[in-house]
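*Asks:* Below, each chain spelled out in residue letters.
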Amino acid sequence: MILTLIEHDQGVIDPQTFGMLTAVRGLAAEQGGALHAILIGADVAGLAAGLGDYGVTAVHLIEQESLDAYAPNAWAACVVEVMAAEKPTAVVGVGTERSNEVMAHVAARTDLPLAANCLAVQPEDDAWFVTRMRWGGTLHEEARLHGEPKLLTIAALGIEVETAPSGSAPEIIAVIPDLTDADLLVRVISRVEPERKGISLTDAPVVVSGGRGVGSAEGFAVLEQLAALLNGAVGCSRVVTNNGWRPHAEQIGQTGTRVAPELYIACGISGAIQHWVGCKGAKQILAINTDAEAPMVTKADYAVIGDLHEVIPALMAEIEKLKG
Amino acid sequence: MDILVCIKRVPVTGAKVVLTADEQAIDASYLSFAPGPHEECAIEEAVQIVKKHGGSSTALTLGPDAAVEQLRYAASMGVDDLILLETDEEWPPMPTARAITAAIQAQEKKFDALLFGNESADAGGYQVGIRVAHALGMPVVTGIKKLEFEAGTAVAHRQTPAGWEIYEVPLPAVFTIKEGINVPRYPSIPGKLKAKKKVIQRIAPEEGDVGLEKVRLVVPEAEASDVTILGHGAAAAPQMVELLGELGLV
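One line per chain: the protein sequences are A and B, in this order.
Just so you know, we're using this note's numbering here: the first sequence kicks off at 1 and counts up by one.
Just so you know, we're using this note's numbering here: the second sequence kicks off at 1001 and counts up by one.
Read the hints as simulated data drawn from the structure, not as lab findings.
Incorrect hints may appear among the rest.
Under the rule of at most 20 Å between Cα atoms (straight-line distance), these lysine to aspartate or glutamate pairs were calculated in the EDC-like manner [stated by the list, open to error]:
| no. | chain 1 | residue 1 | chain 2 | residue 2 |
| --- | --- | --- | --- | --- |
| 1 | B | K1145 | A | E193 |
| 2 | A | K323 | B | E1246 |
| 3 | B | K1192 | B | D1081 |
Isolated chain B (complex conformation):
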C-alpha cells in the first residue's frame, strides 16, 4: 500500500503566547517546531501500515522552507519520500487544499490512503482533508483512532462521547487521524542520519482565492489569576481538606 501523510509545521508553545509585531503569527523566536500531535500520530500510523502491508510512505507539507525540518522528522520516524509545497507563510484552508490536491494529482504514484491530522493544532480549520477528498473523488472518514485494512477496504473507528462509531470504506480513501491511535516513536539516531540524506521534492504552488482572509491574531485577555497558596508540602493537608469540605467533596 502507498500511503501519503500530510503534516503541518506548528510551534511548540509553552504556557504563554506572544505574537509578532504585525500580529500575523506567533513569535517563535524562542520556540521549537513540530508536526501537530494528531499529525505525529498520522506519521506513525503511515509507517506502521507500510511495515504491515508493504508499499511506501510519503510525507507532504505546505509551508516555508523551514518546514523541511518537519519532513525530515517524518523521515527519521521511517517515512520514505518527502514533498514540500513551498510558501512564504501560512495559507488558509482553501488554497492549502487546492495545492495539496494538485500535488497529489501530479505524482506518478497513486496513493491508496491519504492521512491528515483531524485538525491542525494551530489554525484548527477542520476542513483541509475533507476538501482534498472531495477534489479527488475519494471517501473521507474523520477523527480516526483505529484503522485496519483488508482487501481494498478500510475499517475505521471513531470515538465519540457515546462510544465508538465504525465505518467501512473502499480504497483509495482519506482518513483524518486523532492522537491516541498509537504512541508515536522517538526517532532513532540511524533514522535521523538517514533522514538528513533524503531528497525533497519541491513544488511552488500558487495561492489564488483565499476565501478566509486572516486580518490579525489576538491574544485573549488572561482570566484574572489570584491564586491562593494553601501551604507548603505535607503540612498543607488540613487546609486542603478544608477546601474539599467547602466544595462539598468530602
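Just chain A, same shape as in the assembly:
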C-alpha cells in the first residue's frame, strides 16, 4: 500500500496534490493496488469523498479541534501514527513548501531518508531508484533511496492531472491521534492577508521583467508603464533586488517567485539558471536584449535585439497608436 499526504489550506486541496496522486496511482497498482490518503485538520471530512476520483481507495481521516491551524510537526505525528498502524511501502507527499516540510518532519521523527521533489520513481527490491530535481529542476539527480518505508515527495508542477478510470468513493477510516503539546508547539497563530496592489505576479497574463540591463531603479519606470498598458505585472531578476532597485516580492527565479503567464517579456536579463527556473513556465517568452548571444535570447520564443530603453518606448508608442 502507498500512503499519500493530502495537502490543503483553508478548505481547499492544493491542486498539485492531484498531480501527485496521478503520478503515484501507477506505482500503487504495481505495489498491489491500494492507494491510501491521509487527511489532517479540524474540519476536512468534506474533502475525502472527491479523492476517489483520483484513485484513492481509503482515507485516514484525522479530525481534531487542535488541528484547526496548520502545525507541521503535529501533521507529521499523525502521518507517523498511520504509518505505524498500516505499514505502507511508501509515504508520498507533493513537492510543495508545506508538504516538503511535513515529510521532513516525518523523516526526522522516524530517522528515515527522504527524497524531495522526485520526477521519477522506480521501485526495486531494496532501495528504490529515484530521479529528483536539483537547482530548481535544471539538473537531475539519480539516486537510491533506502529505508523502509520509502519517504518521498513528487515534483508535480508539470504533471497533467488525470482522474482514475474507475473512481469510487474511498473507504473512510477515522483515526484519533495521540498528539502532545510539543507536537502542537509550532503552529500558525495568525494570518495576514497578502497586500493587493494591482494584479499579482502569479495571476498576471503578462509579466514585464527587468534585469541588470535596466541599469537603475529609475530605469524601471518604462517597464511599469508597459506593464500597466498590458494589464500586466512587473518582475525582476536577482541582480536587481540585490542592488536594491526593486523589492524581493517582485523577484522571479529559483529563490523568488515562479510565474507562468501567457507572455513573459524579459528586458535586459541575461538568463542565468537562477532566473530561468522562475520564468520557464511562461507560454511565450519575448527577450529584449542588446546581446543576441545572451542565454535569455537563445532560449526565448521571440527576441528583439536592442536597447530596452529604446525598444520599450517605441513599443508603447505603437500600442497607443493601435488603441487610437
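Please arrange chain B on chain A, whose structure you already have, making use of the hints.
*Replies:* Structure of chain B alone, referenced to chain A:
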C-alpha cells in the same frame, strides 16, 4: 543572543550546467562559489540580530577545505566565529544533519537560535534544518521572511500564496530563512581583512549511513530552442505589437 548560521558552499552557475566526467558534481573549473542565496540572507540576519540584541554569531559549514572561503565570506559580513565540518565531498541530508547536530552539542556555547537556508540552492533536500531541530529537541519554523525576538520567544513570519502565516516559538529554536528577509550587505574591505585572520574550528565528522545514495547527476535535455528574431531596436515595434495581437494581449 548567540546565533548559529549553517551555510553551504555552492557554485555560482551561469546559464549552462556542465558536469564532471564522473557525473558526480558540477564542473566548477570556471565557476566561482558562494553561500546559497537563502543562506547569504541567513548570515545577514544573524549579524543584524547580534547587532540589535548583543551576543555572538557563529557560521558553520560542512564541506571540503575550500569551503573555508564561504566561512571567511560570512566573517567578512560580520560573523564572529567559524566552524568547518571537513568532508571530501557533498554529503546527503541525513549524515549532514547528524554531523551538524554533533558539532552543536560539542560546543561550549549554547545557541539561542539556529539559522539555516530554507533549502540548499544545489541539492534542494528541504530537510537538514528540520532534522537538526528534532535531534536537539528544538522547535523549527521554516520559510521565514521576517523574524523578531522578544524575551525568550521569537515571532516568525512565513509567506505563502494565501498571505502571511505568523508563528510564535520559545527559544532556543531553529529557523530556516528565505531570501527576501533582508538585503545582504556587501563585505567591506576592513571586514575582509578581519575575516582573513579568523581562526577556524575544524572538525572531521564520520559519514555513516547515507540513506539517500547519489548515483549520478544528469543534465536534462534542453528544450528545443528556435528563437524568432522579431527585429532590431525601436524598428521592431510593429512586429512586437503584431505578436501581442496574436496572443490576444492588445
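*Asks:* Compare the structure with the hints numbered earlier in the document and write down the numbers of the violated ones, lowest to highest.
*Replies:* none
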